[in-house]
Amino acid sequence: MDVSDIFQNLNEPQRQAVTSESQNLLILAGAGSGKTRVIAHRVAWLIKGVGVSPHSLLTVTFTNKAASEMRGRIEAIVEEDMGNFWCGTFHGISHRLLRSHWEEAGLRREFAILDSEDQFRVIKRVAKSLGLDDAKWPPRQIQWFINKQKDECRRSKDVEIGDDYFAEKMNQVYIAYEELCERESLVDFGELLLRTYMLLKHNEQILQHYQRRFKHILVDEFQDTNEVQYQFLRLLTNGGSHIMSVGDDDQSIYGWRGAKSENINRFTKDYSETEVIKLEQNYRSTEIILSAANEVIKNNQGRMGKNLWTEQKEGEQISVYSAYNEDDEARYVVGSIQTWMGLGRNLDEVAILYRSNAQSRVLEEAILREGLPYKIYGGLRFYERAEIKNAMGYLRLVFGREDDAAFERVINVPPRGIGAKTIDVIRARALRNESSLWKAAEDLLDTEGLTPRAAQSVQGFMSDFDKLEEETEDLLFKDMVDHVIQSSGLIEYHKKEAGEKGRTRVENLGELVTAAADFESPETEEETSELKLFIDHAALDAGDTQAAEHEAAIQLMTLHSAKGLEFPLVFITGFEEGLFPHKLSIEEPGQLQEERRLCYVGMTRAMEKLFIIHAEMRNLYGSETFNPPSRFLREIPVELTLEVRTGGNIPRQQTRSKATSSGEVPDTEFKLGQMVAHDVFGEGVILNYEGQGANARVEVSFNKSKTKWLMVSYAKLRSI
DNA sequence: TAAAGTGAGGTTTTT
DNA sequence: CCTCACTTTA
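Oh and the first sequence: position 391 is 391 in my numbering, straight run, nothing missing.
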């Protein structure tokens, strides 16, 4: 291969980014500007053009899928063995480091990874043991709290509680949870990152080793990094490595789970003499779609500033359809798809996007009525399905009896007559002995601490495992998986289940055997059993939602999951206030801006044609709601849109004209977005209103206080 | 121990 | 209104 091939089809800024010799590089890459391409080509350039060994490179992505795609693209360009090239997610990389340095990290050699569900169960149990009522202290919330602390790099002792009673209680659970995980060597997702960070921070030798090794670090989706990840990168680059971060502040849509797009700004400050390159040429969308998206995102404050442009043709206007209700919305979407197909286009070019998963059902039914194939993203992924988790539980327990999460999961699946009562007894014994559940069960059998009937069941359960282990000792990994699943009784159990459900479950179990047979274990420095690697793989990579079917199908997904994808034809549905922006995000300006970015992400998925649909009436939680069209619709210049109203006279809601015209609060001096001052609450901005004239109320987000609804006639607001 | 009933809760999601 | 998780009941 000729090195100059690497530059083919790159534009000037892209080429600059690929070949830059700067120590620190920040690439601000707009939607559709070829950022993945830049990373792949830079890696290729470093290897082929500069002569850097693949061994000295580290590439970080956000999903496993992105990582494998990246690797594939790079291999396609370099056409040579990439040797020991590290390319993975932050979690994957952390995991690898912890496996290599388990001892220094304070873990057992065979530490187990808790996925979210495992973590949830553990937390629930811990909270209960602390005597917390789970109605008053929802375990979900505690889990959220703990994960947030870990994202922010805080152990329980670092949490600042102040006089917050809730935080205090939740932190108590965090403390107990931490102790339990420590005792049993359990590592949740957040812990993978936090512990790796601590490992590097407190082990100068190990840190130096990796600092020397990774001469170039490349980070994708930088706007989605959280605090630990940022700190981790800081440590690693401290020894003079080159770093390139690629991101787009306008596409930061994961702030709610700890991502800090400020890390982009921070980067230019923390890394001296950062070279900043902007990729602003968009290769994806028509000019109209792009301008509309630009106009929307312009309304956000504090952007880094980027202006996407394109050489593509103007294209069609954005069709805006006011549906009568959600059924009409779905009908219209399906009808438009049929028109598209009538033009000789394909179904897999089409995506239907929505803000929340609940919206998919009506759309799905409409598609089904027309007998069109479709594929829904989201929902349970392969390794998250109950039957798969059960089977994995068997494998985990065969591998190591100390795995409590697995023990609890499978002790009575299929039913063996071991009920909640018996499990409680075992759990209590485990707590007292500070031992695993398995050991506690052994202890109870020895000391006859169980009723005879329970004892017999438990004994049966345990000897099953000893037998399984014996039988599979000499088997190859894939045969072993097969054998364990066959002998577990899970297949018979699911076969008995009624209808379709049981059948797909049995099929899934077969699929798991196939997955194990196809499993390629990654090379590691430590010799680890293939089974363990497979178990970790299942925890870290939940697998695609659906096995890729090759039939062309309409793609249905949330706006979030559409990030990174592109489609010739895109529908954004449910473009209504309260739904999008979601009502829970309207109050707080920061969250509203994230909704706007989400809108930007959604719009920029479209290559050729974009439809925006809002329903004037929607059934939500059993009652009819009348939502005005989304404020984001107002932000798109009228000349870029085409209002469609097929299907006759649809009565237009009055709210629409009012809400969309100018944002003025009728018969008052105020309008949406305006800054106002209040005698008591200080300064703030008007977010919303209802009513008019003397009855008008406005919702104001105050800088120093919470968001409040105020009567205009009483509040004595002053415009500023 | 499994099936029917009750009640809260209902953004977004990866690892 | 619909879904799920959990509780009650045979």
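If you're looking for bench data, these hints aren't it; they were derived computationally from the structure. Worth double-checking, as some hints may not be accurate.
Distance windows between CB atoms, simulated [claimed, not checked]:
| hint | residue 1 | residue 2 | range |
| --- | --- | --- | --- |
| 1 | 424 | 55 | 46 to 56 Å |
| 2 | 325 | 141 | 49 to 59 Å |
| 3 | 120 | 234 | 50 to 60 Å |
| 4 | 487 | 338 | 33 to 43 Å |
| 5 | 110 | 433 | 38 to 48 Å |
| 6 | 469 | 514 | 36 to 46 Å |
| 7 | 469 | 369 | 51 to 61 Å |
Within a straight-line C-alpha distance of at most 20 Å, the following computed EDC-like cross-link-like pairs (lysine to aspartate or glutamate) qualify [stated by the list, open to error]:
| hint | residue 1 | residue 2 |
| --- | --- | --- |
| 8 | 389 | 287 |
| 9 | 478 | 530 |
| 10 | 201 | 134 |
| 11 | 124 | 434 |
| 12 | 389 | 402 |
| 13 | 298 | 262 |
| 14 | 389 | 134 |
| 15 | 260 | 314 |
| 16 | 532 | 518 |
| 17 | 169 | 115 |
Here the structure is a predicted model, which means the values were calculated and not measured. All C-beta atoms in this analysis are idealised placements derived from N, C-alpha and C, irrespective of residue type, glycine included.
* Mind checking the alpha carbons of residue 478 and residue 530 for me, to see if they're no more than 20 Å apart? => Satisfied, since the Cα-Cα distance of roughly 9 Å is no more than 20 Å.
* Asked: When you take the CB atoms of residue 110 and residue 433, is the distance between them in 38 to 48 Å?
  -> Check failed, 20 Å falls outside 38 to 48 Å.
* Do the alpha carbons of residue 260 and residue 314 lie within 20 Å of each other, as the hint requires? -> Answer violated: residue 260 to residue 314 is near 35 Å, above 20 Å.
* To do: For the pair we were handed, residue 169 and residue 115, check the Cα-Cα distance against 20 Å.
  => Roughly 24 Å separates the two Cα atoms, so the pair is violated.
* Assess, step by step, whether the Cα of residue 298 is no farther than 20 Å from the Cα of residue 262, and give holds or violated. => Roughly 18 Å separates the two Cα atoms, so the pair holds.
* Asked: Taking 20 Å as the top limit, are the C-alpha atoms of residue 389 and residue 134 close enough?
  -> 24 Å, violated
* To do: Kindly confirm whether 33 to 43 Å is satisfied by the beta carbon distance between residue 487 and residue 338.
  => Given about 51 Å between the Cβ atoms, the range is violated.
* Given a hinted range of 50 to 60 Å, is it respected by the beta-carbon distance of residue 120 and residue 234? -> Once the Cβ atoms are compared, 31 Å apart, the range 50 to 60 Å for residue 234 and residue 120 is violated.
* Holds or violated: residue 389 to residue 287, with C-alpha atoms at most 20 Å apart -> With a Cα-Cα distance of about 47 Å, the restraint between residue 389 and residue 287 is violated, given a limit of 20 Å.
* Range hint 36 to 46 Å (beta carbons of residue 469 and residue 514) holds or violated -> 23 Å, violated
* So the hint says 49 to 59 Å: do the beta-carbon atoms of residue 325 and residue 141 match that? -> 34 Å, violated
* For the pair supplied as a hint, residue 389 and residue 402, confirm whether the alpha-carbon distance does not exceed 20 Å. => 17 Å, holds
Hints 2, 3, 4, 5, 6, 8, 10, 14, 15, 17 from the earlier list are contradicted by this structure; the remaining hints agree with it.
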